[in-house]
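Chemist: For reference, the chains in residue letters:
Protein chains: 2
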Amino acid sequence: MKFGGTSMAGTERIRRVARIVKRQQDAGHEVAVVVSAMAGETDRLVNFCREANPLYDPAEYDVVVASGEQVTSGLLAIALQALGANARSWLGWQLPIRTVEAHAKARIDSIDADALIAEMQKGVIAVIPGFQGVSEAGRVTTLGRGGSDTSAVAVAAAVKADRCDIYTDVDGVYTTDPRIVAKARKLANVTYEEMLELASVGAKVLQTRSVGLAMKEGVRVQVLSSFIDDDAPAADTIPGTMIVSDEELEGMDMERQLITGIAHDKNEAKITLTRVPDKPGAVANIFGPLAEAAINVDMIIQNVGRDKGETDVTFTVPAADLARSMDLLEQAKESIGFNRIIPDTNVAKISVVGVGMKSHAGVASTMFKALADRGVNIQAISTSEIKVSVLIEEDYTELAVRVLHTAYGLDAVEA
Amino acid sequence: MKFGGTSMAGTERIRRVARIVKRQQDAGHEVAVVVSAMAGETDRLVNFCREANPLYDPAEYDVVVASGEQVTSGLLAIALQALGANARSWLGWQLPIRTVEAHAKARIDSIDADALIAEMQKGVIAVIPGFQGVSEAGRVTTLGRGGSDTSAVAVAAAVKADRCDIYTDVDGVYTTDPRIVAKARKLANVTYEEMLELASVGAKVLQTRSVGLAMKEGVRVQVLSSFIDDDAPAADTIPGTMIVSDEELEGMDMERQLITGIAHDKNEAKITLTRVPDKPGAVANIFGPLAEAAINVDMIIQNVGRDKGETDVTFTVPAADLARSMDLLEQAKESIGFNRIIPDTNVAKISVVGVGMKSHAGVASTMFKALADRGVNIQAISTSEIKVSVLIEEDYTELAVRVLHTAYGLDAVEA
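Protein sequences, first through last, are from chains A and B.
Heads up: the first sequence begins at 28 in my numbering, then just goes up one per residue.
Heads up: the second sequence begins at 28 in my numbering, then just goes up one per residue.
Among the hints, a few may not be true.
For each label pair, taking beta carbons as the anchor points, the in silico distance ranges come out as [what the hints assert, rightly or not]:
#, chain 1, residue 1, chain 2, residue 2, range
1, A, Ala54, B, Lys149, 49 to 57 Å
2, A, Gly55, B, Lys149, 53 to 61 Å
3, A, Pro266, B, Arg77, 31 to 39 Å
4, A, Ala311, B, Gly111, 36 to 44 Å
5, A, Glu39, B, Ala318, 38 to 46 Å
6, B, Lys149, A, Ile368, 44 to 52 Å
7, A, Lys360, B, Gly111, 31 to 39 Å
8, B, Asp70, A, Gly171, 25 to 33 Å
9, B, Asp139, A, Ala311, 49 to 57 Å
10, B, Lys149, A, Gly171, 27 to 35 Å
11, A, Ile368, B, Asn113, 54 to 62 Å
12, A, Asp139, B, Lys132, 37 to 45 Å
13, B, Ile368, A, Gly55, 50 to 58 Å
14, B, Pro345, A, Gln148, 28 to 36 Å
Treat the hints as calculated values from the structure; they're not laboratory data.
Each residue gets a CB set at the ideal place from its N, CA and C atoms; glycine is no exception.
Turn these sequences into a full structure, and let the hints steer you where they fit.
Modeler: As structure tokens, this is what we get:
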């Protein structure tokens, strides 16, 4: 079980979480719980570091910020004991949760879960701080913001859990953002790949890394609401969204729709380079410096050639990397040989996601027709095995999501 | 160097502490720094524990409260790096600082300082959280409130430091409380024994345990103000109070006064049991139950026998233990055989302290005469090798301290 910062914000809520956890044990389960820091606490600690030195040492930053989850781990163990449960905390260095040395953005290498499993089998509820680990050198590390989901999946894999229940402030994964489409439906099941596409393109429920890890380790992840009634039955019977493999999905959901969901992402920026020489190697000159700077280029369109062997090249980068991208391109202006850079942040990416897509070629044409019928202009396209994405003008985002949600038959039937 | 919670309260102050520390290194010293949590933080964390469960597990309490010093350690390392210093934090479990298993009130067993010394010799400033350690079982422990002074002395002993500078919110140890006696003088030197008596009877500058440890380990401790100008020279030249052994004192301060200081303590309570049988074993029946409950009985007076082989017995206990003491005595009423219990919290203990006393018998009589001259009635007396204490009515506390301060020639000469 994993609980986020909102669920852990203050002792009243922590005692509520304890009741939810205890009920799982009472239902016959062996339970480990991964917790986030109290909402706002990590920001407070990060600000301290920045105030102490804007160019802070990430190794010491980790010492400071890891304390937030240490506090909530101890408090949840205390609150569980208050309910008569046998509970104790294991900090990252105590298990240990071994990570690579990369401070402030570490990856988990391995978790030694022997002691944990032995204690859980004796009926002890294990409470583990998310987000933190220990390096080979024996120093505190953290996984980067939002890393507690990844900690939970890693612990679930290490103890070979039947299920990893992630309690969030939504009650599952929806076909699209319910704030945009009132008729959005909660999905009973979604595959890892679909979840990755839905998460990375805007349906932020789980941290992307945690889904990738769950896929790799074969951990069944359930997303469910932490705002359930704390007198409700154990989570086995609460309908969240189960994230599973393709194979498991086939066995459990024969009636599944072709398309699983519609995602949107307003955090992209479009860059157009005009009058780039239309010759081999030109593209490498553009994208080489961006790749070196670890800037993720998504959609690319090379326009049909102009006169004089020149062409315009358009592509998207994360909006947060726009300024840095522009700088890098200006520096490479001579080697690339373009005329002008035209940035545009007034764009959104709309994605249609579904594992069924693999065997259905008509998905893309349905998308293009539905958008064209409502006058939405498509500026760029990218596809993957289970996704078709288009770039459109940002103002059309909500319209496009609604149109596509209806076009693929995802709208809930009115009661 | 050790800095308390007031000095560490917020990043602005932590950066100030960093400047003070850096100047020690610049003056040619190898430096380790022990820090407290930000002022108020430990209280906040303790309250969380209490809210989670009033009968909290001390092992989990330690996990929660130790985080306060973890945060300030990381932040001070960051702030030192901002000044161009080479600095890093070592948490209690990292050194490790090994303690006994007694959670929330652990004692330090040993500190493995090899890595620390090696790094300090390379010019690294070591930052170490006070108050925390790790048990044999590998769990976080804490030393009890105020334990950071003890951590500092223990680290100083482990690295064989020339000096342990404890920065406090006073600038040294005074002949008495300067809020009571305007002419109180700062002492240049004081012995461990004197400091123990001055601390335990009310002049709260250092935690008593830390002084005891310093005496045992022969650590030279300097008390000085953390509110010095942070452009001031290194601490070698700032006049604080140096706490040293008898032997070292003899070499450094030939002109020393007979009496070092006057302390007072309003946290005592007096209990009188009337009509106790005046026979062997009666006293054991009274103090046995109190000793078993670890209640510290200080002054004892057995009044001259009444008629019928009965006597009144008067003694003092810490005011905080008064109610518990009364309960225990009521339970033992039959075996003791007293008539009534008369409690009295309207008392204060005044102590005259000085190592010179060992060879001067007139000290006590000077004290009694000076108090009698001003009409202060003495209710009880206790003595040790370097101390004479009297119990008086609480309202006379300030008068008695002033009278004795003058009587022993401790008043500063007017400028």
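Chemist: Indicate, hint by hint, whether the structure satisfies it.
Modeler: Verification of the supplied hints:
1. A:Ala54 to B:Lys149: 49 to 57 Å: With Cβ atoms ~56 Å apart, the hint holds.
2. A:Gly55 to B:Lys149: 53 to 61 Å: At roughly 56 Å between Cβ atoms, B:Lys149 and A:Gly55 fall inside 53 to 61 Å, so the hint holds.
3. A:Pro266 to B:Arg77: 31 to 39 Å: Taking Cβ atoms as reference, A:Pro266 and B:Arg77 lie about 37 Å apart, which means the hint holds.
4. A:Ala311 to B:Gly111: 36 to 44 Å: 42 Å, holds
5. A:Glu39 to B:Ala318: 38 to 46 Å: 42 Å, holds
6. B:Lys149 to A:Ile368: 44 to 52 Å: Because 48 Å falls inside the window, the suggested range holds.
7. A:Lys360 to B:Gly111: 31 to 39 Å: 37 Å, holds
8. B:Asp70 to A:Gly171: 25 to 33 Å: 31 Å, holds
9. B:Asp139 to A:Ala311: 49 to 57 Å: Once the Cβ atoms are compared, 54 Å apart, the range 49 to 57 Å for A:Ala311 and B:Asp139 holds.
10. B:Lys149 to A:Gly171: 27 to 35 Å: 30 Å, holds
11. A:Ile368 to B:Asn113: 54 to 62 Å: Hint violated: Cβ distance 42 Å, outside 54 to 62 Å.
12. A:Asp139 to B:Lys132: 37 to 45 Å: Given range 37 to 45 Å: violated, Cβ gap about 30 Å.
13. B:Ile368 to A:Gly55: 50 to 58 Å: 55 Å, holds
14. B:Pro345 to A:Gln148: 28 to 36 Å: 46 Å, violated
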